[in-house]
Each structure stands twice: as structure tokens, then as C-alpha cells.
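Trainee: Letter by letter, the chains look like this.
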Amino acid sequence: MFGAARTVQKSGANLQFVRTKRIRAGLDPVAQRVVTQLSVISANRKMPKMLKLSKEDFVKHVTVMRAWGVVRKEKKQAEEAQLKQQYESIKEANEDLKHVSQKLFEAANKLEIGKRFPLELRVPTEYPSRSGWFYDYTPRKL
Amino acid sequence: MSVSKGVWSKFVKRSPTLALRNKALRTALLSPDLPSGPVSLKSKASKRKYQSIEGLDQIYPLAYEVLEKRSEDIYSKIESLDKNSPTYAEQKEELEIAAEKFNPEVVYMAEYMKNSLDRTQPVFRHYLKKTWEGYSKMLLMQRLETLAVIPDTLPTLEPKVEVKLKFPHNNQDRWIEPGTLLSSNVTKMPPSLEVIEFKESTGDLYTVLMVDPDTPDLAQDSYSTTLLWGVKDVKLSNTDSMIDAKKLMQNEDCEFVEYLPPVCEKNTGKHRIAFWVFRQDGPLENAPKGLRREFFKIRQFVEDNKLTPVGAHVIRTLWDRNTENVRKMYGLPEGRVFTRERVPYLKN
Amino acid sequence: MVFVQLRQFSNSSIAAGRPGYSLVKPVHHRVRIRKQLLSPRFPELKLPPTDVRSPKYRPFLVRQDRVKEHYHNTLKSDLLLINYQHDQKDVEGPKRRKWDMSSPYHINRPLQKPKGQIVPSPTIRARTWKNVPFFEGVSINCFVEEAKANPAAAIAAQLQIQQITNSKVYPIYAKTNVPTWKLRPGMLMGARTRLTGAPAHQFLSTLTELVLPRARDFRGIRNSAGDQYGNIAFGLSAETVRLFPEIEHNQDSWPNTYGFWLTLHTSAQLDYEARTLLSGLGLPFYGNEKVPLLLRQAQGL
Amino acid sequence: MSHFKWGRRCLATNVATPLSNVQTGVILSRVPQVTPEVTDFEQKFYKYQDELERRLMWTFPRWFYFKKGTVAEREFSQAQKYPLPARDGVWFPKGKPEIRHGRDRRFKENIVLPKAEGHEKQGESSATQVENLDDASRPIKPLPRVTEADKTNNQHSLERKLSRTLYLLVRQNNMWKFPAFPVPDDSKPLHTIAEEGLKNLGGEKLNVWTVSHTPTALLKFSNGKLVHDLPQDGIREYLIRSHIIAGEFQLNKIDGCEEYKWLTREEIQQQTDPAYFEKIDCLLSKV
Numbered sequence: 001m002f003g004a005a006r007t008v009q010k011s012g013a014n015l016q017f018v019r020t021k022r023i024r025a026g027l028d029p030v031a032q033r034v035v036t037q038l039s040v041i042s043a044n045r046k047m048p049k050m051l052k053l054s055k056e057d058f059v060k061h062v063t064v065m066r067a068w069g070v071v072r073k074e075k076k077q078a079e080e081a082q083l084k085q086q087y088e089s090i091k092e093a094n095e096d097l098k099h100v101s102q103k104l105f106e107a108a109n110k111l112e113i114g115k116r117f118p119l120e121l122r123v124p125t126e127y128p129s130r131s132g133w134f135y136d137y138t139p140r141k142l
Numbered sequence: 001m002s003v004s005k006g007v008w009s010k011f012v013k014r015s016p017t018l019a020l021r022n023k024a025l026r027t028a029l030l031s032p033d034l035p036s037g038p039v040s041l042k043s044k045a046s047k048r049k050y051q052s053i054e055g056l057d058q059i060y061p062l063a064y065e066v067l068e069k070r071s072e073d074i075y076s077k078i079e080s081l082d083k084n085s086p087t088y089a090e091q092k093e094e095l096e097i098a099a100e101k102f103n104p105e106v107v108y109m110a111e112y113m114k115n116s117l118d119r120t121q122p123v124f125r126h127y128l129k130k131t132w133e134g135y136s137k138m139l140l141m142q143r144l145e146t147l148a149v150i151p152d153t154l155p156t157l158e159p160k161v162e163v164k165l166k167f168p169h170n171n172q173d174r175w176i177e178p179g180t181l182l183s184s185n186v187t188k189m190p191p192s193l194e195v196i197e198f199k200e201s202t203g204d205l206y207t208v209l210m211v212d213p214d215t216p217d218l219a220q221d222s223y224s225t226t227l228l229w230g231v232k233d234v235k236l237s238n239t240d241s242m243i244d245a246k247k248l249m250q251n252e253d254c255e256f257v258e259y260l261p262p263v264c265e266k267n268t269g270k271h272r273i274a275f276w277v278f279r280q281d282g283p284l285e286n287a288p289k290g291l292r293r294e295f296f297k298i299r300q301f302v303e304d305n306k307l308t309p310v311g312a313h314v315i316r317t318l319w320d321r322n323t324e325n326v327r328k329m330y331g332l333p334e335g336r337v338f339t340r341e342r343v344p345y346l347k348n
Numbered sequence: 001m002v003f004v005q006l007r008q009f010s011n012s013s014i015a016a017g018r019p020g021y022s023l024v025k026p027v028h029h030r031v032r033i034r035k036q037l038l039s040p041r042f043p044e045l046k047l048p049p050t051d052v053r054s055p056k057y058r059p060f061l062v063r064q065d066r067v068k069e070h071y072h073n074t075l076k077s078d079l080l081l082i083n084y085q086h087d088q089k090d091v092e093g094p095k096r097r098k099w100d101m102s103s104p105y106h107i108n109r110p111l112q113k114p115k116g117q118i119v120p121s122p123t124i125r126a127r128t129w130k131n132v133p134f135f136e137g138v139s140i141n142c143f144v145e146e147a148k149a150n151p152a153a154a155i156a157a158q159l160q161i162q163q164i165t166n167s168k169v170y171p172i173y174a175k176t177n178v179p180t181w182k183l184r185p186g187m188l189m190g191a192r193t194r195l196t197g198a199p200a201h202q203f204l205s206t207l208t209e210l211v212l213p214r215a216r217d218f219r220g221i222r223n224s225a226g227d228q229y230g231n232i233a234f235g236l237s238a239e240t241v242r243l244f245p246e247i248e249h250n251q252d253s254w255p256n257t258y259g260f261w262l263t264l265h266t267s268a269q270l271d272y273e274a275r276t277l278l279s280g281l282g283l284p285f286y287g288n289e290k291v292p293l294l295l296r297q298a299q300g301l
Numbered sequence: 001m002s003h004f005k006w007g008r009r010c011l012a013t014n015v016a017t018p019l020s021n022v023q024t025g026v027i028l029s030r031v032p033q034v035t036p037e038v039t040d041f042e043q044k045f046y047k048y049q050d051e052l053e054r055r056l057m058w059t060f061p062r063w064f065y066f067k068k069g070t071v072a073e074r075e076f077s078q079a080q081k082y083p084l085p086a087r088d089g090v091w092f093p094k095g096k097p098e099i100r101h102g103r104d105r106r107f108k109e110n111i112v113l114p115k116a117e118g119h120e121k122q123g124e125s126s127a128t129q130v131e132n133l134d135d136a137s138r139p140i141k142p143l144p145r146v147t148e149a150d151k152t153n154n155q156h157s158l159e160r161k162l163s164r165t166l167y168l169l170v171r172q173n174n175m176w177k178f179p180a181f182p183v184p185d186d187s188k189p190l191h192t193i194a195e196e197g198l199k200n201l202g203g204e205k206l207n208v209w210t211v212s213h214t215p216t217a218l219l220k221f222s223n224g225k226l227v228h229d230l231p232q233d234g235i236r237e238y239l240i241r242s243h244i245i246a247g248e249f250q251l252n253k254i255d256g257c258e259e260y261k262w263l264t265r266e267e268i269q270q271q272t273d274p275a276y277f278e279k280i281d282c283l284l285s286k287v
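Residue numbers (the UniProt record's numbering), protein chains in the order written: chain V, 1 to 142; chain Z, 1 to 348; chain B, 1 to 301; chain X, 1 to 287.
These are calculated hints, taken from the structure and not from any lab test.
Careful: at least some of the hints might be erroneous.
[As the list claims (entries may be wrong)] Here are the computed lysine-lysine pairs in the PhoX-like style, where the Cα-Cα straight-line distance is at most 20 Å: (1) 46(B) with 52(V); (2) 75(V) with 69(Z); (3) 129(Z) with 46(B); (4) 73(V) with 69(Z); (5) 46(V) with 67(X); (6) 114(Z) with 55(V); (7) 46(V) with 56(B).
[What the hints assert, rightly or not] The calculated label-pair distances, taken between Cβ atoms and stated as ranges, are: (8) 45(Z) with 57(X): 20 to 28 Å; (9) 228(X) with 110(B): 54 to 62 Å; (10) 244(Z) with 110(B): 53 to 61 Å; (11) 53(X) with 181(B): 36 to 44 Å.
Glycine included, C-beta positions come from ideal geometry on N, C-alpha and C.
Generate coordinates for the entire structure from the input sequences, incorporating the hints supplied.
Mentor: Take a look at the structure:
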């Protein structure tokens, strides 16, 4: 609780012991916390060495990235083509509906402000859920 | 075990220059990992220390297969092109580039062996052009603009070819950066030029003019242009792109104005020496042998011969203590010494 | 009155001691010069960050991005259908107007403000397969009020954002001088960051699957939130931030947490489309939704 | 004038005009429950990118997560394998280690998590041990992506092919197609008729979410066959897109429907008429 007594020399030859507050090594806990936090944010002494690939490995890396680009581009193009087909299909159906029934057409083309995906329609996970498919659904009675 | 199972390891229809000549390197690029360590690293210690990234050896064969398959598709597309179409040559070149662009061996050579590429291959020309556009082209245009070579000699330049320049003053084989200040000792002999075409070229004719637009013209109190060297009808191709003493000795008609080194007179400041390279449509007609060097009208000359500039280069020179020796060498009279005119101090 | 514009040197500038012509040197060629590439210094910094030799290089896709897959496999074609309107045409937003040149002072004058507003509105394009809205990214802005008295709080906030997002965090400094709040320009006040691509998707799925379902004070995003043009913002309280797994499992290090603002950026042209998209990514909404102003104007309502 | 109809309110007319030969079909789909299958190329690419990222990562700041002198810190430290530090007079053939905060900064950092108490022997008895679901710290054991329904190829189950989009196909008048319901007049919009029709066909215990009021495609039938140009007595079928959220589809044999199946795109290709599949192919998800 008390720090070690320190020798304080007063004017004159006689020595006196005076009790003082203990001086601890290091910073106080609040400052120490800030230092720790800064050390986590900072890159100092945590940065790895710069990556230096050999010439062969660099070319191999470039090849891998280009192959990935080619595969991704093909996928993207296929998707865009399909989406375009879907768009044309929607357009064709609506054009036809307009001639069949104006009333149905207007109902079909009502602006859907406030349209929401149901929250149950979740982003797929890597493995299936423990509860499985929810079969026991009963609609709410109004 | 080679990762290549398709078109990239067959050389029946493809040029053998698309493959690496160094066998160890070729094995390294055609195997999933590095079987005998990194070949490109020189010292034994660094070879031993080197570690590839994990997983690269797994993905590389698959990536190679994807790209090789794509290349095969493009080659079959080339086969099915209409040979009578007017754009056949262009389309073919474009597809040939696309087919070989991602070949690891080609990428390696284009990245690390720029000086020994086979320029008859469209893909190597493509990579060379990209390299040129990334640095040398911009550097040249910046120097031409800041030194006002355009518009002082010709109004503008749309560069199509890379022009490299060197002087045979010593054994060092070094290309000169545009805008460098050279001593008269360096420029005393005619230079060698390399004109690198990025299109397919089998026998185009070229004209080179070397002019000094900073010759003092006392009568007009201005400067005039002097033609230092004129070369015409030089036949160059993708394989042979040098204009040097050897080539000019063989075809003596080419040099219509003989080389005169830039010998600046004292106190005339730094002289810009511009090299202009023109691609000709046919043989040059209005360039008689022994054309007058002084008061050379370069714009008139270009117009008379219907030339279009495709490349340029610029260096600078200055009077130095060796200039008089060079003058003696070429049998020229001693140069004038210009002095600053003292203007009397006027009050108000 | 007919005003004839004559091409001549400016008289006023000569009187003021300046030349009456352009000081910009003309350029005699069409080659674009990127000056930084010509410098011989720092060759590695001239490489694009996508090049593995560049010190800035970071791999961009280290695992399957399930949010992205879900968007491309399910949401995209649904959104195309939801946003489809037959016989749709572009709606021109009010733009800056030209002066009528009735006065010589109209020459070179900046364009007039758009009618009825200060800044121009974008043109709303007809929806096709090319502009199906997608989620672009999320910005996080954490402004800590107590950092005025205790600058260490801003550092803690920076670390908190870094822990949650696993991204480089930038500090926020106060810009204005508000003496009553004891705010001075240049004070360190908090942290901000911007996430795109896979990290943004990762953050979004943490938010919608682990944090928001357990948050007591979160009802959903208000339907009136949004900047009109497809960016939706909402706030998280300090209590909710405790639910992020990075903080929840390291409680000892976090005596205080700091709430922050999130802006969800989408490529949607109007807010209601952005809300539909975000609901598909698992974000709940509540409150009344209004018909956007631009549509009301277009219909003359 | 660039006017266009933004959801203009349709005028309420009580008079319903009867329609003949108009139907509304439903593309009822079950969206993927698990992430799509990763190809070999993708998996190896991700692995390589992950290794690169680990190599370029900053060192883990362990002092922030484990306070000095705590039990957790001791356990964590004991679990790590620290690299050998460089020393004078010792030759390192693979290069001199450069150690900062216990990591050789030339390589990636390997963090080993200490095993939680009580799970140390889980490797041996995991097969027999019954999982205690209340224990939050139990080791994660994911369920298999291949389900019972996949093994028995039960095409009536909604729990088959979890990584794919499944579509509901019915055998209506001896033709495998999307279910369709007649539209008698224009008093009700298409999507309402579709929803009601599904309720009648598949039972009350069905939670279905209609994607949009807008039809996604038009199919033209004549004499039970898909045609390109519609004759006078041909049938128009407008397809409405919807997703099943919950519940079970239990077929009531009405409207000539006799059988139903939940199928993926490739299975639909095998099951249906080629002309029909060609028309609907662009509407089906490839995943």
C-alpha cells in the first residue's frame, strides 16, 4: 500500500525518512490501454516482409489471375444474356396483355412501392440449418 | 510432367520462337511447381531461401488448361475466317494476339526478355507496343514538347514507331535517352538508329533527316535550320530494323546528304539536334544528292516528298574543347566565337 | 438590343498588369503523358495495386462470397421483374438552365439553378436488364462526442471500427468551430471507413444474421431514410455494437463501445428500389413509405 | 412530352369483362438453401488467394486479446509453435529468421487455437456421443449438404438438392408443365388468381410469396401444344413468378393435375417437351 521509504536529504547533515506515494513502473492503466489500442491499429512491427516472387512464380500468378478473369467473364456474359432474354420475355408478355385486357394490364403494371422480400428468404448458408424445411406452416387467421 | 496438353506445346502451325529457349526455365513454367528451384534467381543462397506461395502449384495447371482451351478456340476461329475479306489481315493479327497473349512462356519473354523478342510474331509486337506506350513514347513526346522541337522543326508528331539512337564513340552499347546533352566527341561519327515497327513490316522504305534548328542567322538576327544528315530509301523490316554504317555502306545511294557532326560555335548555347523518321509510300524523288545543308526548309522538303513523320528523336550538343578537333577532322573552317554585345547603360 | 461579342484582348487585365491572353502553354501533340510514370523514383509505387509486385496488393477474393452468389442466382432476376414497367421512358430530372443572353453579363456566367431547387437532379433511366440495382458497399461513420473531452475515446472508436470491419480505418477531424459545444477545428473526433465487394458482403451478413436479430432497440430501418437516389443510412447504438462477435467475445477490452452511422450504397436510381434490394439481403424496414418526389412531379400529382 | 405511367391508379369499374382462353401459370420455385457447389478450379483459386492473404496479413496482436498473466494467455501461448530466433554463429540454410512479436515476418503466421476443456477427447467418441445442443461451446459439426431426399431421389420433397433452385412442375392434362389456372374475367388481377389457384391446388398450408404483379412470360398453346403464332381458339398462359417460403405442397387433384414434382433445371429439361423447355429455359436459374 505504501511505497518504499525514500531517503530525502534535508539541508544540514541529519537524514530523515519521508513516506511518499509508490511509484510504479510503466504507465497508468488508462494510458496503457490507449497504447495497446494504438499498437493494434498501427502497422509498426506487424507488417510482413514485402512479397518478392521469383520471375517464374510471378508469371504463374499472372496466369492464374487471367484464367480467373476469363472464367468470370464467361459466367458474367452468360448471366447477362439470360437476363436480357428474361427482359424480352417480360416485354412480350406485357405487350400481349395490353391487347387482351387493359384492366389486367394496368393491375400488372402497378408501381410496386413498398415491395419487400420476406425475411424468411434468407441468404443461403454453407451448410443446411438444423431445423430443416419449415413444413408446419399455418396461415394467420384474419 | 508438363501442364501443357494442347496447342501451346505444338509447333506445327505455331512459330517455335513462341517457346522459351532455356530448357530449365521452360520446365519451370510447364510444371505445377518449381522442380529444380527458381531458375531465374542467380545465387545458390537465394535459391535455397526462396519459398513459393502455397496452393500455387495446385491452381496453376487448372489455370493453364483454361487459357490453353481458350487459345485453341481462337485458333479454330482463325481457321474459319474468310480469307477474301478486306479486313482479313487485321482480324487475323488481332486473333493471333488474343490466342497467344496469355501463354505463360510468351508472358515471360515479353516481361523479362524484351531485347530478344521475335518481332515477326504479332503477340510480341503487341507487348512491345504496350511497353513503349508505357514509358518511351511518353518520354519522347514530353522532350519534344519541352525542347520545342515541335513546332520548331515540324508542326506535330503522331508517333507510330519507336526510334532508338546510339553513337559509336566507345564500346559501350547504350541507347541514348531523348534530350540528352552530348559532347562533340560522342557525335563525331554517324549514329546508328533502330526503327521498331509495331505493325507487320516486310520491306518498308524509310527516310531519316537530322537537323539543327539552332544555327545562328546573323543577317536575319535569328536562327536557321541546317541539314546535318539525310538518308532515304532505307529498307527495313520486322527482323532487320537497324540503320547503321554497315547498311549504308552496302547501299550507297541511300545517303543523299553525308553526315556532318553538329559542331556548335562558341557561345551559341545548346543546340537541339532533331532526328525525324519518315515512312515512305514509294522511292523518294525530290531528294537530290548533295542537297544544300544551310537554310534547309524541312517543312518544304516534307511537303515536296509527301512524307509523313512516324518517329523522332532529339539530342542536344554544346561547344566544347573538342569541337575544333572535330571541325579539323571534317575539314571545316574554324568556328566563330560569339560575344555578348555590350549595351551602354542608359539612364531612363 | 443586339450584343455582338468581339474577340479581343482584355483591356482590364492589361490595366491590372496581367497579360490579356492565356498563360497556358499550348501542346502540339495528342499523346497523353502520365508524368508520374516518367519519374525514375519508387518504381514499385508506379505499379497498379492489382499487380502482385505492388506494395498495395491485397487478394480480393479468398472464399466463396455467398451474398454475391445469392444476389446473382436469385435476387437479380426477381428485381428485374419487380422494377419492370411497360412502355417506360426516361424521366428528365431538373437540370441547370442556360441564360437567355439578353445581357452581356451572361457571357461565361455559370449556368442558372434548376427550377425550384438548388442542385440538379439526375435523369431517371428506364429500367432494363442493364441497370438492375445492386449493392455497392457500405460506409461507416463513427463520430464520438465524448472525444472532445477525452481524445482517447476517438482512438478506441477507431479500433472498434477496425475490429468490426477488418479494414483500414481513417480518422475524422472536426471541421467547424462551435464554442458552445467546445468543438474546435482539427480535433480528433472518431473514425470512418468504406467497404466494397467481399468485405462489404461479409459485414452485411454479420449485421443481418448475428447483430440485428438480437438487438433490442432496433426495429428496422425507417422507410423515410435515404438520400432519394438509392443510398440508405441508419444508425446503430452503442448497445447494439456490443453484439458484434468481435466485441462480444472480447468484452474485457471494451468497457465502452461507440455507436455509428451506416450508409448502404446501392446502384438503385430511387430509394424505394434500394429498399426492395436491401430487404432481399435481409434488412428489415418499418414505417410509411412515400412516393418519391420525382415520380410525383412526373405524374403531375 | 415524356410522360409514362408510374403506377397510375386504375379506375374502379364494377363491370367485369369475361375473357376466354386466358390462363395464369405460376413458376413456383424454392430458392437454394445452401451455397452453390464450388468447382475444383474455384476451390483451388480461393485456397491460393487465401494463402496469399495470410502471407500478407499483419501479425496477430495477441497482447490485445490475452491479458498478461491470465490463464487464457498461458494456454494460448502454450498452444503456439514459435519459430526459432536467429543467433550468432548459427547457420540457417533457409535464411535468417526475422522475428517480430513471435512471428517470422518472411512467412505467414500460423495461429493454433487451444482446445476447449471437455472437448479434448472428442475425436474418438464423436460418432457415438449425442450432441448436447444446450452447450454453446460444443464443437461445430455441420449437417451434410446431401440430404435423405437426395439419397432416395424423392422428387416430392422440398429438402432435395439444397444448393439448387427447385421448380414445381405438375402433370396437367398429360403434360408436364408449370401449374396454370383459368382466368374467367378481368375482375381479379393475374397474380391474385395465381395465388388463389395455388392455395386450391396445393392446400392451405402453403406460404407463397409472389415476386411481382407483372407476368414474366407468355406461353401460347393450341390443342395442348406450344405454338409460336396463336390461332383464334388458342390458349394464352401468363406466367407469374413466386417463391415458396414455408409449408408443404400437397396436391389436390383438380384442374386435371395428377402429379407434381420439385425439379432442377436439368431435370425439367428431361421431363418436359423440348419445345416447352426451350421457351422457359431463360426463366430458370442455372444454379
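Trainee: Starting from the hint 53 to 61 Å, judge whether the C-beta atoms of residue 244(Z) and residue 110(B) obey it.
Mentor: With a Cβ separation near 60 Å, residue 244(Z) and residue 110(B) satisfy 53 to 61 Å, so the hint holds.
Trainee: Check the hint pairing residue 129(Z) with residue 46(B) against an upper bound of 20 Å on the C-alpha distance.
Mentor: The given pair, whose Cα atoms are some 19 Å apart, holds under the 20 Å limit.
Trainee: Holds or violated: are the alpha carbons of residue 46(V) and residue 67(X) at most 20 Å from each other?
Mentor: 19 Å, holds
Trainee: Just to be sure I understand the hint, the distance between the Cβ atoms of residue 53(X) and residue 181(B) should be within 36 to 44 Å; is that true here?
Mentor: Cβ of residue 53(X) to Cβ of residue 181(B): about 43 Å, so the range 36 to 44 Å holds.
Trainee: Assess, step by step, whether the Cα of residue 114(Z) is no farther than 20 Å from the Cα of residue 55(V), and give holds or violated.
Mentor: 14 Å, holds
Trainee: The hint says 20 to 28 Å between residue 45(Z) and residue 57(X); measuring C-beta to C-beta, is that right?
Mentor: This hint holds: roughly 27 Å between Cβ atoms.
Trainee: Given the hint that residue 75(V) pairs with residue 69(Z), test it: the Cα-Cα distance must not exceed 20 Å.
Mentor: OK: residue 75(V) and residue 69(Z) at ~16 Å, within 20 Å.
Trainee: Determine whether the Cβ-Cβ distance between residue 228(X) and residue 110(B) falls within the hinted range of 54 to 62 Å.
Mentor: 58 Å, holds
Trainee: Assess, step by step, whether the Cα of residue 73(V) is no farther than 20 Å from the Cα of residue 69(Z), and give holds or violated.
Mentor: Cα-Cα ~15 Å, so holds.
Trainee: For the pair supplied as a hint, residue 46(B) and residue 52(V), is the alpha-carbon distance within the 20 Å limit?
Mentor: 16 Å, holds
Trainee: Is residue 46(V) close enough to residue 56(B), meaning Cα to Cα at most 20 Å?
Mentor: 16 Å, holds
When held up to the earlier numbered hints, the structure conflicts with none and fits them all.
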